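Asks: Heads up: the protein sequence lines correspond to chains A and B, in order. Residue 240 in this note's numbering sits at position 240 of the first sequence, with consecutive numbering throughout. Residue 1281 in this note's numbering sits at position 281 of the second sequence, with consecutive numbering throughout.
Simulated from the structure, these hints should not be mistaken for laboratory data. Among the hints, a few may not be true.
Partial list, derived from the structure: chain A residues whose beta carbon lies under 7 angstroms from chain B [unchecked claim]:
#, residue
1, S94
2, S103
3, L170
4, E192
5, S195
6, V207
7, E208
8, K221
9, L223
10, L235
11, S237
12, R261
Covered, in the sense of this in silico footprint (three residues per stretch, anywhere, with C-beta under 8 angstroms from a C-beta of chain A), are these stretches of chain B [unchecked claim]:
#, segment
13, 1050–1056
14, 1156–1162
15, 1167–1180
16, 1207–1218
In this text the structure is predicted, and so the values were computed from the model without any measurement. By construction, the Cβ of each residue, glycine as well, lies at the ideal position given by its N, Cα and C atoms.
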Amino acid sequence: MVRVVRFSMAAALLLGAALGLGAQSPAKPGKTDPAAAELVRAFEAKLDLAGLDVTNDFTLVQKKEGEADRVLRVRVYRRDAAETFTLVFQYPDSERGKGYWRSGADLYLYLPSTREFVYRNRKDDVGSTDIRTDLFGRPDALGQFWATMAGTAKVASWECDVVRLDAKKLDVSYPVQKWYLRRGDGLPVKVENFSAGETLLRTVYYVEYKEVAKGKFIFAKLLSTDALEKGRRTLLSNEGITTARIADYKFSKAFLEEQSR
Amino acid sequence: MSGKARIALALALALAGALFASAQAAPAGAAPGAEAEDPFDAAAFEAEAAAAESSAGAGPASGAASGAAPSRLVGGSALVSAQAYLDPGLEGYAASSYAAGKVFAKVAVPDYGSLFVSWSGRQQFLAGLAGEGPSLGGAAYDLEEPELELSELHYSFDLRKKLFLRLGKQLVAWGPSRVWSPVDFVNAEREDFFAPIDLRAGKAGLRAHLPLGSANAFLFADFSGTVSESGEALDPLKTAALSGRLDAALGGFEFGLSGRASGREAELAGGDFSGYLLGTAVYGELAWAPAEGSVEASLGASRALGELRKWKLSAEGFYNSEGGDLRGDPAAMAAAGSLYMGRFYAYAGLEAEDFPLAGLDSSLSATANLSDRSFYARLAEDFSIPGAPPFSLVLGCYGGEGQGEFTLPFGAGAWSIGLQARMEF
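For reference, chain A alone in the conformation it holds in the complex (with noise of 0.2 angstroms):
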């Protein structure tokens, strides 16, 4: 028995160690600047579709050098007033039934082999895809982030001020990430996602909007490219938008469960 103790408190404490060498610190600059926020806020408020439920569907082709392109299908319904939404994937055949479904800060996968849910946090990434699922549903910067002035640049023919956030917790998809939004409307047309160490991962180009609403917008084409690995992006389309009420049962646990194979 003492052995089987000693055994257990060495396995629990090799385990801690290594799980807190995993641990990584996000950059904590400690405060906002409000000129950064209020830009953030402007981008925010017109990304912001309370008040709507929309319901559309989402493409995403991803490339990888020397591989086939892979081709997701995922329906979304959206209701931003409630901070929740559910993602449902329609393609190809053996993702079908596989889902998600946020409400407020909890996340739940389901996986329809086993019939479980499984509690995630919001960085989860969608079908082993560079997309994330905190790209859905209603933003939050603000409460995710620190967010300071860096300064302006040129991306395409826009003239863009940048805003860099650092996050204030771990359970952000990126710890570190500089937003070029465009002084014509004020929308993001550019991401760049930074490690903890500030190692470019990945950036993300906004390349058209769709207004759903006077003065609210969706993205309808989004480019993500990897920053480390050559060649390999992720083209996601936004089609058959529409801003119908959404029944009440299809943010829950029931509705992804209906939709099950």
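Chain A is already provided as a structure; the job is to place chain B on it using the hints.
Replies: Just chain B now, kept in the frame of chain A:
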């Protein structure tokens, strides 16, 4: 490790290396539309996306407003496996090869509900035993007739989208743990964490699900005991079991409470949680049988490591008050079942994507029965080679005290090597 075992391991690694090296030498093929010169060129974006969708056979998006028509879906998963077990002195071996899988069909009709049916099957291709040492435990093999079984058959419907019901033979997810699942007292069999494919059959019953905002109430009426083994119908009030579960999300965690009442089985109560703490996923389960005073509990954690989170470290422990060191009592070991016979267990695993090379995922794990001090260590390499079906190479080592849970079949110091190809469709 004996000299022969070292040679066997070296040969296996060399074989794996050679396979991978040949794959790397194969032409990679040109990346279609490599780098867009202007990332904001919407026309080029559309053309590239359309070409990829067409090539993948995805077809156009059906439109979010659809969904009123009946839908039909057929699919499944399959595994083809070959493995050999080598006794510690390499004096003998046991070999086996089989295909196993599950196929399903689902028809959903709006306003009526959906019908789901699935069958599982297994066909042995080869079973071999040679030399001294290894034993197959008296298992019988049939190379002519496949084993086929109805896995699930159920009808799902709802009442005004408020109450969701499922009637029939079904598998039910119950609890968050990965390796051990103390609160799963609903299914006929607990899921085998190490099984490459889940071939379990469901239980006959009625499941009700009532969503309550961010909480959920589940009830499962288990009818599997209402018919005796000889086929005789029995009193449902005395033989059916009723299990309930209430889960709710609170403060970044999900908590669940479970219970079972039954006229023929022990009453059980349980609790579980899962969530995130300091960037680490943590979960646990506890089940208690008041009449017997027995307890089962599991606690686990996993964490993604590295800037790209391509590494994952996970660990889980299990306590079973009824378990113990059962060495020397094979009948008791068989009755208790694998992974549930000991009092204390521990599992640790490390998974890595694209390691040591791109296209190769690796995982290393060890599972120990701390009560009889036997263990199983496993190294799995998942190969994804352009132009070839994905496959896995699995090396296993059985060690610790002899006659223990993991050393009984082939002895302490035995090895296993297997090749597996798995597909989802």
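Asks: If a hint holds in the structure, say so; if it does not, say that too.
Replies: Now the hints, each set against the structure:
Hint status for A/S94: holds, given a least beta-carbon distance of 4 angstroms to chain B, under 7 angstroms. The restraint placing A/S103 at the interface with chain B holds, with a minimum CB-CB distance near 5 angstroms, inside the 7 angstroms limit. Hint status for A/L170: holds, given a least beta-carbon distance of 4 angstroms to chain B, under 7 angstroms. Restraint check, A/E192 versus chain B: the minimum CB separation of about 12 angstroms is more than 7 angstroms; hint violated.
For the restraint placing A/S195 at the interface with chain B, the shortest Cβ-Cβ distance is roughly 4 angstroms, inside the 7 angstroms limit, so the hint holds. A distance limit of 7 angstroms between C-beta atoms decides the matter here; for A/V207 the minimum to chain B is near 5 angstroms, and the interface restraint holds. For the restraint placing A/E208 at the interface with chain B, the shortest Cβ-Cβ distance is roughly 5 angstroms, inside the 7 angstroms limit, so the hint holds. Interface restraint check: A/K221 against chain B, minimum CB-CB distance 5 angstroms, threshold 7 angstroms, status holds.
With its C-beta approaching chain B no nearer than about 5 angstroms, A/L223 sits inside the 7 angstroms limit, and its interface hint holds. Below 7 angstroms, beta-carbon pairs count as interface contacts, and A/L235 has one with chain B at about 5 angstroms; its hint therefore holds. Taken as an interface hint, A/S237 checks out: its beta carbon lies about 5 angstroms from the nearest beta carbon of chain B, inside 7 angstroms. Taken as an interface hint, A/R261 checks out: its beta carbon lies about 6 angstroms from the nearest beta carbon of chain B, inside 7 angstroms.
Counting residues of the segment 1050–1056 of chain B whose beta carbon lies closer than 8 angstroms to any beta carbon of chain A gives 4, which meets the minimum of three for the stated coverage. Counting residues of the segment 1156–1162 of chain B whose CB lies closer than 8 angstroms to any CB of chain A gives 4, which reaches the minimum of 3, so the coverage claim holds. Counting residues of the segment 1167–1180 of chain B whose CB lies closer than 8 angstroms to any CB of chain A gives 4, which reaches the minimum of 3, so the coverage claim holds. For the segment 1207–1218 of chain B, the assignment as covered by chain A holds, since 4 residues bring a beta-carbon within under 8 angstroms of that chain's beta-carbons and 3 suffice.
The structure does not agree with numbered hint 4 stated previously, though it agrees with all others.
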